[in-house]
Amino acid sequence: MTVPAEDERPHPPGAALSWTETTWLELFDGASQLAGVVRLDVRPNQGTGEVSFSFFLPDDGFITARHVTAYAADASSVVEIEDARLETIEPLRRWSVRYDGPSHALASAAEARNREAWHRSRLERLIVELDVTAACDAVPGDRSFAQPVRVAGEVWVSGDQYVLAARGLRGKAWRDGVLAQRATSVALWCDDDRVLFARVETRSGTSGGTETVEGWTSIGGEVRPVRELRLERAASVAGASAAMTVVVRGDGGEHRIGVELPHVAPLVGLSGGRSHELRLGVAHARWDGHPGHGFLEELE
Amino acid sequence: MPLFVILGHDGPDALAKRPVVRPRHLDHLRPLSEAGRVVVAGPLFGDDGKTPRGSLIVLEAPSLDEARALAARDPYVVDGVFARHEVMPFARVFPESTGS
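Sequences listed follow chains A and B, in order. Residue numbering for the first sequence follows my numbering, starting at 1 and increasing by one per position. Residue numbering for the second sequence follows my numbering, starting at 1001 and increasing by one per position.
The set of hints was computed from the structure by calculation and includes no laboratory data. Cβ coordinates follow ideal geometry from the N, Cα and C atoms, glycine included. Be aware that one or more of the hints could be misleading.
Unchecked claim - Straight-line alpha carbon distances no greater than 25 Å define the calculated SDA-like cross-link-like pairs of lysine to any residue that follow:
1) B:1050 - A:58
2) B:1050 - B:1023
3) B:1050 - A:31
4) B:1017 - A:123
5) B:1050 - A:80
6) B:1017 - B:1028
7) B:1017 - B:1007
8) B:1017 - B:1079
9) B:1017 - A:122
10) B:1050 - A:59
11) B:1017 - A:129
12) B:1050 - A:131
13) B:1050 - A:85
14) B:1050 - A:98
15) B:1050 - B:1027
16) B:1050 - A:83
17) B:1050 - A:87
18) B:1017 - A:32
19) B:1050 - A:123
20) B:1050 - A:153
21) B:1017 - B:1033
22) B:1017 - A:161
23) B:1050 - A:121
24) B:1017 - B:1084
25) B:1050 - A:105
26) B:1050 - A:67
27) B:1017 - A:163
28) B:1050 - B:1013
29) B:1017 - B:1041
30) B:1050 - B:1077
31) B:1017 - B:1080
As the list claims (entries may be wrong) - Listed next, the stretches of chain B that the computed footprint assigns to chain A, with coverage defined by at least 3 CB atoms under 8 Å from CB atoms of chain A:
32) 1012-1023
33) 1039-1048
Claimed, not checked - Cβ pair distances, simulated, as ranges:
34) B:1091 - A:191: 51 to 59 Å
35) A:230 - B:1035: 42 to 50 Å
36) B:1015 - A:100: 14 to 22 Å
37) B:1078 - A:115: 29 to 37 Å
If we strip away everything but chain B, and leave its shape as in the complex, we get (with noise of 0.2 Å):
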């Protein structure tokens, strides 16, 4: 299945949102991980290593409208965690096959 990329960018009440909005964003995304189709998942912080920016999202879907829905649905999209975001199709490079 083809790979994307969700790259959301945080808005300007997005420290005070995300703890709250952040049960119902992993509650979206655990049925893909558990489906084996989030390849990686996490928050992009400041320079401080501490304040999150935004998240980054690499996931297996069935086509780029399939990803553009999926990140439509994220709470943090829909509750404003995000002030936009982008999905993008991706192709993994690196870490090489190892062949085994």
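Just chain A, same shape as in the assembly (with noise of 0.2 Å):
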């Protein structure tokens, strides 16, 4: 199973309005305790463009940079949206992500549901230089693949310095862009290199709802496939973060992964006249005693 160099390369759109090709990236740095994704979502059939940047900082406030413009897609491996630079130096290995721009700040990262708390946010200069390396192949999905990655470089918050040596994933979907009615993804990646990238998500049909899975696990390099992924909440304790265990289940047998969630930003939306919240967590993960990070999304 390996991914060819191409699917770097913009894809054939597909009929749908929606039809969505996402560049996303997600990192943790272990010294700084930095968290952040940048995505990239390019609708050919709408003509635009959307960066977002999002970043969650260690005393819980939460930075986001988001633009949307009018985008024409191209074979170059050079996006360029507003303030930002996203560039494919080696497909599959090399990339680099430049953004400096204006960014808004949330005290808590909690406070994203609150629309009147965006209205008070600060507006910060967000500058992002971050070298993004290939830590081993990328795995393939349903019109989708996913890498694990090292990222180097800083993240300037209006001044404050955050130098980067993180883990992270990043990896590129194309497909249309309609919204599951529920969806969780789980995104981790431990210190021993295991990873565990796995999303269910049900969608509308004629018996109230199709779930289906998709992902997989990477121990020791081998990549087995995950059939059943759920979550397990631990009851709740006033003032502690969400902690739950996230269980996985495919060829490989069952995986029980503790999780806990100490920054999670409720974001809501409006997609195709319906509302939706992306609850996007920070994760810290204990697997098989393996410390690890990554996401947690779960949308209702």
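Put the two chains together into one complex, using the hints given.
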């Protein structure tokens, strides 16, 4: 199972107006405790490109920058949208991510649900200078791929410097952009290089919804598909960060991964006439005794 | 209410101290901002456009002594992000009033 280098380039769009080619990067830096998500959505049938940078600061602050512009995809290795520049230097091996522009800051990620908090948010200058290199080969999915990476560089928030030597995951997906009714996505990477990348989602159907699961685990370099993904939530304790067990079942048996979510941003949006909430959480994990980090997303 | 400029000059360890101290610095300024007393505030950068050299705060205060007291309580002063700071009375000339 290999990913061809051509998959780094834009794919022929499908018929749906919402068809989207998404490029994403998730990272966590242990030294600075900075976590971040970079996402590029190109919608050729709408003629738009959207880029966003979201960072969870160690004090629970949340910084985000988002730009949507008219954009025509081409075969260039460089995408430039407003103040952002994303370049594929070597397909499936090396990339650079640059941004220097405005962002909005909330004192706490939990405030992201509150529209009034966004109106009161501080304007910050965000500088992102990241060099991304592949840690191992990309793993193909359904019109998608994902790949463990190392991320080096700097993030500046109005003069606050975060020097990064981070681990993370990056990938692409090219498909109809209609949101699922419900979805849970988990991306975790551990210090011994084991990785979980999995998603379960429910889409409307004649019998009230069809659930699909896709993803994989990688342990010792051996990649196995995920057949089942579910969350077992611990009883909530006032003041404690959300805790749960991520249960994954696949060809390699069952894995039970303890996860804590110290920072969760509930992002409210409207898509296709439906309001939804995407809870984006920084995940600290323990998987068979190995510490790991990543993100857990829940869409409702 | 009279306006004052607080001009902070970063010390040698400021680059490392700023991310740690900044949440408390923001907590210090937030009530003043919410009360409409901060005209403008933010970091000053070096020639590379990203490395901070200090901070500029223009705010309303009842008196020079009160402005000095506010500056003295700023965590950037208390925790040594600033090697030194100045507090000066200020008058706003531009932008001109549109009269609307």
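Going down the list of hints, with the structure as the test:
1. B:1050 - A:58: It holds: about 20 Å lies between the C-alpha atoms, which stays within 25 Å.
2. B:1050 - B:1023: 19 Å, holds
3. B:1050 - A:31: This hinted pair holds, its Cα atoms lying about 21 Å apart.
4. B:1017 - A:123: Given pair residue 1017 of chain B, residue 123 of chain A holds - Cα atoms ~21 Å apart, limit 25 Å.
5. B:1050 - A:80: OK: residue 1050 of chain B and residue 80 of chain A at ~21 Å, within 25 Å.
6. B:1017 - B:1028: Holds, at about 16 Å.
7. B:1017 - B:1007: Holds: residue 1017 of chain B and residue 1007 of chain B sit about 18 Å apart, inside 25 Å.
8. B:1017 - B:1079: 8 Å, holds
9. B:1017 - A:122: 20 Å, holds
10. B:1050 - A:59: 21 Å, holds
11. B:1017 - A:129: 21 Å, holds
12. B:1050 - A:131: OK: residue 1050 of chain B and residue 131 of chain A at ~18 Å, within 25 Å.
13. B:1050 - A:85: OK: residue 1050 of chain B and residue 85 of chain A at ~17 Å, within 25 Å.
14. B:1050 - A:98: 14 Å, holds
15. B:1050 - B:1027: 23 Å, holds
16. B:1050 - A:83: Judged against 25 Å, a Cα distance of about 15 Å means the pair holds.
17. B:1050 - A:87: Holds, at roughly 22 Å.
18. B:1017 - A:32: Distance of about 13 Å is within 25 Å: holds.
19. B:1050 - A:123: 16 Å, holds
20. B:1050 - A:153: Holds. Residue 1050 of chain B to residue 153 of chain A sits at ~14 Å (cutoff 25 Å).
21. B:1017 - B:1033: 23 Å, holds
22. B:1017 - A:161: 10 Å, holds
23. B:1050 - A:121: 21 Å, holds
24. B:1017 - B:1084: Answer holds: residue 1017 of chain B to residue 1084 of chain B is near 15 Å, not above 25 Å.
25. B:1050 - A:105: 18 Å, holds
26. B:1050 - A:67: 21 Å, holds
27. B:1017 - A:163: 14 Å, holds
28. B:1050 - B:1013: With a Cα-Cα distance of about 16 Å, the restraint between residue 1050 of chain B and residue 1013 of chain B holds, given a limit of 25 Å.
29. B:1017 - B:1041: The given pair, whose Cα atoms are some 19 Å apart, holds under the 25 Å limit.
30. B:1050 - B:1077: Holds: residue 1050 of chain B and residue 1077 of chain B sit about 21 Å apart, inside 25 Å.
31. B:1017 - B:1080: 8 Å, holds
32. 1012-1023: Check passed, 5 qualifying residues.
33. 1039-1048: holds (count 3)
34. B:1091 - A:191: 51 to 59 Å: 58 Å, holds
35. A:230 - B:1035: 42 to 50 Å: Holds, at about 49 Å.
36. B:1015 - A:100: 14 to 22 Å: Holds, at about 18 Å.
37. B:1078 - A:115: 29 to 37 Å: With a Cβ separation near 35 Å, residue 1078 of chain B and residue 115 of chain A satisfy 29 to 37 Å, so the hint holds.
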